[in-house]
Amino acid sequence: GESVGLHLPTLSVQEGDNSIINCAYSNSASDYFIWYKQESGKGPQFIIDIRSNMDKRQGQRVTVLLNKTVKHLSLQIAATQPGDSAVYFCAENGAGNNRKLIWGLGTSLAVNP
Amino acid sequence: NAGVTQTPKFQVLKTGQSMTLQCAQDMNHEYMSWYRQDPGMGLRLIHYSVGAGITDQGEVPNGYNVSRSTTEDFPLRLLSAAPSQTSVYFCASSYGRGQFFGPGTRLTVL
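Chains as they are written, first to last, in our numbering: chain A, 1 to 113; chain B, 1001 to 1110.
This is chain A alone, in the form it adopts within the complex:
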């Protein structure tokens, strides 16, 4: 079946370094992708999204890259801070249905001071 997966289940970085979290998706019909951050004991929080007609989108300290050729999505966090420690999820909208997202399993990011 179709799925969204993550290359690395855990990522450990030094404070101040850049972080890259990767996500693979298999549904070529997906045209909308979202990254969420979930801190311990809290609900997921929207970070950034991208549509399939784009290959890059930037936010505050975050950049999402989309490579449709290899069905790959990445989240780059610049100058990683201790407050960035969380689990990061990618999600896709499957067959174009923004109401029924398909979620990845998550990557845990640990920032070392």
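Accuracy of the hints is not assured; some may be wrong.
[Stated by the list, open to error] Within a straight-line C-alpha distance of at most 25 angstroms, the following computed SDA-like cross-link-like pairs (lysine to any residue) qualify:
id : chain 1 : residue 1 : chain 2 : residue 2
1  : A       : K68       : B       : D1073
2  : A       : K42       : B       : V1109
3  : A       : K71       : B       : M1041
4  : A       : K42       : B       : D1073
5  : A       : K71       : B       : E1059
6  : A       : K42       : B       : G1053
Hints listed in this document are in silico derivations from the structure and should not be mistaken for laboratory results.
Only a predicted model underlies this, so the values are computations on that prediction, with no experimental measurement involved.
Since the structure of chain A is already known, use the hints to place chain B on it.
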């Protein structure tokens, strides 16, 4: 705005008991949904609603009922709780781009 609120935060049930998880949002979002989150399995969609009076099943709907009588409220009912329903439950609402999540309800079924 309070955003998305959920009650209770924690609940322990015995097998066979029923209960309702409450969810409310004050952002006038048409779309609302319920997810469960289990270790190593990410978030799985239980039920969703695209507006008052309209609900539909998600990926794992068995054992759960929902209703949407108002735009603001979207309760999730467990009819006869089972240990397999031990999980963290999240309610979310959306205006179409991204979803806003509540703080979650941690449910344990003994």
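Each hint, compared with the structure:
{"no.": "1", "hint": "A:K68 to B:D1073", "result": "violated (38 angstroms)"}
{"no.": "2", "hint": "A:K42 to B:V1109", "result": "holds (21 angstroms)"}
{"no.": "3", "hint": "A:K71 to B:M1041", "result": "holds (21 angstroms)"}
{"no.": "4", "hint": "A:K42 to B:D1073", "result": "holds (20 angstroms)"}
{"no.": "5", "hint": "A:K71 to B:E1059", "result": "holds (23 angstroms)"}
{"no.": "6", "hint": "A:K42 to B:G1053", "result": "violated (29 angstroms)"}
The structure shown violates the earlier hints numbered 1, 6.
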